[in-house]
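Visitor: Protein chains in written order, with the working numbering: chain A, 1 to 405; chain B, 406 to 774; chain C, 775 to 1155.
Read the hints as simulated data drawn from the structure, not as lab findings. It is possible that some hints are incorrect.
Said to hold, decoys possible - Partial selection, computed: residues in chain C whose CB lies under 8 Å from chain A:
id	residue
1	S981
2	A1044
3	Y1068
4	P1106
5	G1109
To be verified - Chain A residues, not near chain B, derived (Cβ > 10 Å throughout):
id	residue
6	W65
7	G109
8	S385
Ideal Cβ positions, reconstructed from N, Cα and C, are used throughout, including at glycine.
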Amino acid sequence: MTDAPLLQVVELEKRFPLPKSVSEYFGRKSGRSIHAVDGVSFEIRAGETVGLIGESGSGKTTLGWVLARLHEPSGGTIRFAGADVTNLSGDELRAWRRNVQVVFQDPVGSLDPRLRVWQIVSEPLRAQDQMERVRFRRERKRVREENRRREAANRRAARGTPPGPQLPLLDPPRRSPRLTRKALRERVRTTLPNVGLPPDCLNQYPHEFSGGGRQRLSLARALSVQPRLIILDEPTSALDVAVQAQILNRLVELQRQRRIAFLLITHNVAAVRYVADRVAVMYLGRLVEVGDVRTVLERPIHPYTKALLAAVPEPDPARRHTRYRIGGDIPTLIDPPPGCRFAPRCPFVIDRCRAEYPPLREIPGTAGRLVSCHRAEEVADIPPSALLSTEGGAAAAAVSSPTGY
Amino acid sequence: MSSEPAPPEAPPAAPTGRGLRAARTGLVTAAASIVLFWRILRANVLSLVGFLLVALICITAAIVLVAPHLIVPYGPTQITNETKNWQPPSWQHPFGTDGNSYDIYSNVMLALPLDLGIGIFIAGVSLLGGGALGLVAGYWDRPGTVGGATSVVILRITDIFLAFPSLILALAISVSLGKGVWQTVLAVLITWWPYYVRLVRGEVLALKHLPYISAARAAGVKDGRILLRHVVRNILEPVIVYFTLDIGTVLVTFSTIGFVAHAIPYPGPTPEWGSMISYYQSNGLITAYPWTVLAPGAAIFVTVLAFSLLGDGLRDVLDPRSRRVLASSGRGSGSVETPAAELPSAMPPEPADGGPEAPSPTPGAEEAS
Amino acid sequence: MSAPVLSVEHLTIDYEVGAGTFHALADVSLEIETGHVVGIVGETGCGKSTLAQAIPRLLPEPPAKYRSGKILFQGTDLVTFPRWKFPTIRGTGIGMIFQEPLNSLNPAFRIYDQLAEAVRIRQHREAGRTLVRPDGEAPYDYSRPPEGPGAGAVLSKVLVPPTAQDAAMHRAARARPDLKEEVLEYLRLVRINDPETILGLYPHELSGGMRQRIMIAMALSEKPSLLIADEPTSALDVTIQAQVLTLMKELIDEVHASILFISHDLGVIAETADEIGVMYAGHLVEFGPVADVYAHPSHPYTKALLRAAPRRYKADGPLDSIPGSVPNLSRPPPGCPFHPRCPLAEPRCRDEPGPPLDPAPGRLPGHRSACYFAAEVASLP
C-alpha cells in the first residue's frame, strides 16, 4: 500500500446556505448555512476500500456527493490521480466522471422505472462514448489548426523567410466507431454476470427485480465504464441481512478481481468491518477518527467511535441486561459552535473541548491512526463496553461522571 | 416473450435483412402493445367506455370532415321545410328543427370537428408551449445561473397570467379581438398555457431530486439528454392524463365564450355548440322547444365525459406498475431475486420472463427494513 | 403460570389483489404471557408486519382476508369481533408503536394535545365509558338510556346559548390541571428532560428519537394490556436506537408490559425479548426462549439468519449468505416453505405438507421448531 493516493481531499467544505431572512438580506446579519462537510481531509489509495461511518446528519452522504462532483464543493480541493478536479465543469467534468461512479442508497429511486435493464446499465457507457466523440472533435480541431500553422511555416521556410527545416504534419486522430445499440447490449450482457445477475434479463424493467436485484443493477451500471473509484452510498441499508451478505461478498470479490477503489458510506458498522481496509468515522461534518479497519473497530480511540460501537445491538441475549449510557441528540449542522462537535454528548468532556476544536492528529504509537480528540491518549484504552452499564453494576460509575475515571 | 427482439447471438444479417428484421420486430412489438392496451382497458369498464366513446367521436368527426354527405343530411343554413318550423325530433330530423327550419342534428354534427379540433388544438399547443417552458423552469432553477434567471422570468410571466381569472381574461381578449373562430381560439390559448407551465414545472421539480436523475448526472449524461430521456418520459403520464381531461375543459370554456360573447356567428357556415346554445336560449323559447338547446348541450356533455373517462383509464395504462398487475392474469414468475451465479449448481435459475413482482397489496403489508 | 394475554391460533391471512392471492400468514400460532416480551424476526415480506397489524384488526379488509384461526385477546376472539367495536380494543386494549413516528403523530397538533387525548381516552374507558365532570359531580353514564325528558328535550336544550358558568366549566374541562400533570408524568417516564417545553412543540420540531419517545409515552399512557411495537427503532440512528432500546428495556422492567416486538434486526430482538419467533414466508418456523434459540437454533432458517449477520473482516473469508431467494407468496413452494434453500432438505420436505411447530428435541420446554430435522440443525456448519 505505498501507491500514490487515487483521491486526495484537502480541507473540503460544503455549506448549504439557508433562505435569508429580511435582516440578513439587507446585510444586517450574515446569512446562516448548514455546514454539512466542514474541513475534511483524507485520501483513498488505488484499489483500497475506505469505509465512511456516520449517523444521519453527519454529512457523510454529502461528502460522497461532493467527491462525485454531484454537489459543488464550497471550499477545499479534490485531487484525483494527482490532478485537481475541484473546478472541472462542462464536458471536462462529464468526461472525468468515467473515473468515479456512484451507487445510491435507494434501490427503487435510483433506477429509472421506464427504462429497460440494458438501457439503464449502458447509460454511463453511452454517455462516455459521447464524451469520446467530443474529445475526438476537439483533438481533430487541434490537429487541423496545428497542421495549418505548420503548413504556413513550411511555406515560409520554403520561400526562405526565414529559412528553416520543414515540419512534419501531424496525423489526424482516428474516430472510434460509435457504440451501436447492439454493442451496448453486448457490453451489458457481459457486465451483468459480474454482479451476479443472469445475462438474459436485458429487456426487463427495474420493478421486476427485488431490492437486492436492483442494487446489483446499480452496481452493474457503475461498473460498466470500468471506473477507478466507486462511491457506494449506503448500498445495503435497504436490504435484508441475507441479501446484504450477498452484495457485500460481491463487492469484495469485485475488488479483488479488478482493483477498484471503493468509498463505502454507511451507518452499518458490520458492513464496514467486512468490506473496508480503512475506516473514517464522521460526526457532524467532521472526521473524528481515521485508521485501519481492524484497529479502529477493535480499539477505538475517539469517544464517539466508542459510543457508536457500543450502540450496535449484537445478537447476544446476554446484552439484555446492559444499558446504553450516552445521552443527548445529534445536534443540527446549522452554524455549529466552536470546539469539538461531540462535546455535548461526550462522557469524557473537559472545558477545553468546548472552546477549542481538536484537529485531526496522528496518535503516537498507533501506526498512522488519526484522531480528533484533545484527550485521545488518556481515553485510548477505555473499551467501548465501558459506555454500557449493567443494571446496578459498578461499571456505570466509571463512566457516568464525566471526570470521574 | 414474443415481443423480445431477436437475440444478438444470431449471425449478422445483410443490411436489408436487418432492416426487415427490425421492421418485423417493430410490428411484433406494436402488436404486443395493442394487445396489452386492450387487456388493460378491458380490466376497467369505465375506461373502456371512455375509450370507445372517444374513438367513436373521433371517427364521426373524421367522417364529417371527409364525407359529410354520409351522416349529415342538410347544410348548416339549409332551409329544410319552409312551411313548418320548430319541428320536434323525428326520424327525419333526429334533433328537430329551429325557427328558421334549420336541421339541428346537421348543425350539431357539423360543429363536432370544429369543437373537437379546437379542444385538441388549444390543449395541445398549451401542452407543447407551456410544457416546454415548464421543463426549462423546473430543470434549470438554480438561483444565480442563467437558467435560474430564465426560470424566474418564465414563472413571473406565468404568474401574471394566472393572476387573472382565466375565463374573464379570455372573454375580454375575445371581445377585443372580434368575432371569429381563430380570434376565439387565440383568446383561449393566451389564457391556457400558464397552467401547463405550473403543472410541468411541479412534476419536474418533484422528479429532479430522484436518485436516478443524479445517477444519470454521475454517469456523465448531458442535461438535454437527461431532460428528454429521464424527465420527459417520467412526467408524461400525469401530463397526458391532465391533457386528456383538459380537452373537455377547453371545450367547455370555448363553448362558454361562444355562449357569452357570441364569438362565432350562428346561424352561419361554421356552427359551434356554445353559440348554438346561446342563440337558441336567447329567443326565450327553451320551454317550448327544449330540443334546440338540449342537443348541442348533450353533445358537449358526451364529449367532455368521454375524455374524462379516457383520462382516468389512461392513468392506469401509462403506469408501468399497474400495467404489469392488470395485464397479467395470474401468470408470471417471481421477481428476479435469485442471481444465477449465487444459486447452488443443482438449482436452475429462475425463469426471467418478466412476470410481476409480488406487489405489496397494502401499504402496511410491505415491510420496510 | 398466568393465562396468556394474547393467544394466536392457526391464523391464516391472504391478500386478494387483482392478479392473485398472496398467502401473507400461514397457520401462525403463538402465545404472549402476561408481562413477557415476544420478539418476531424475519426478512422483508415474511409477514411480520402483517401479523402486527392483523392482531388489532388494523389490516385493510379487503384486500386482507382472515381465512381461518383465532386471535384470542384476553379470552375474546378478535377475528369474529364486531367491526364497530374495534376502537374499544385499540389503544387501551392493544397499543401500537410504529416504525416512523413522524407519520404516526398528527403534524397539526402540539405534543400536549396528542398525549392528552390518549390519556383522556384511557380515563374515559376506565370510568366505564363515562365522562367525569370537572366539578366532581357524579359521572353521567352514557350507556344507560336517558332518564326524564326524551331526546327532543335534550336536542332543543342544545340551542340555548351557554351561560357564563357553562363556559367557565368548559374552559376548566379543557385546561384540566390533573390531565396535564398526568401527561407530564408520562413524558418523565420516557426520560424526557424538559417535559414542560416539549408539551408546546409540534412533532416536526422534535428529533426522531424524541418523537419515538413521545410515541412510546402515548402508547403507555393508555395502559394497554398488550403493546405491539412494529420496528420501533429501525428508523433511528444507531446511537439514538441504543438510547430508545435502553429506555424500552427499563420500561419493560418497570411496567411489566406484555409486548409483541417486531424487528428485522436480530440484535434488537436479542436485547429486548424473552421469547423469539422467527418468521419465514408467512410461516412461524421457530419459537422459543430467546437465549435458547440464539444459542441452539433448531430450524435451518434461523441458523442461516444468525450466521448471515456480518461479523468478520474481509481477510476471514466470505460472509455466509442464504442461497436462493424468498419465495413469491402468491405461489409458495409446496411443503416446507424453506425447502428450496435448505441444506437439510429431503424429498419429504417438498412432498409432505409443511412440518408443524413441534417441540424441538433436546431443547428447553417451549422451544418449538417447524422442521422435520430439528435435531440435525446443530450439526450444520
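Visitor: Holds or violated: the hint that C:A1044 contacts chain A, with Cβ atoms closer than 8 Å.
Guide: Since the shortest Cβ distance to chain A is 5 Å, the answer is holds.
Visitor: Classify the label on A:G109 as holds or violated, using whether its beta-carbon is more than 10 Å from each beta-carbon of chain B.
Guide: violated (4 Å)
Visitor: Closest CB-CB distance from A:S385 to chain B, is it above 10 Å?
Guide: At about 27 Å from chain B, A:S385 clears the 10 Å cut-off, so the statement holds.
Visitor: At a threshold of 8 Å, is the proposed contact between C:G1109 and chain A supported by beta-carbon distances?
Guide: Cβ of C:G1109 sits 21 Å from chain A, so the hint is violated.
Visitor: Mind checking the CB of C:P1106 against every CB in chain A and telling me if the closest is under 8 Å?
Guide: Constraint on C:P1106 not satisfied, violated at 16 Å.
Visitor: Beyond 10 Å on every Cβ pair: is that true for A:W65 relative to chain B?
Guide: violated (8 Å)
Visitor: Holds or violated: C:S981 as interface residue toward chain A, Cβ cutoff 8 Å?
Guide: With Cβ-Cβ at 5 Å, under 8 Å, it holds.
Visitor: Holds or violated: the hint that C:Y1068 contacts chain A, with Cβ atoms closer than 8 Å.
Guide: holds (5 Å)
Of the numbered hints given earlier, the model fails hints 4, 5, 6 and 7; all others are met.
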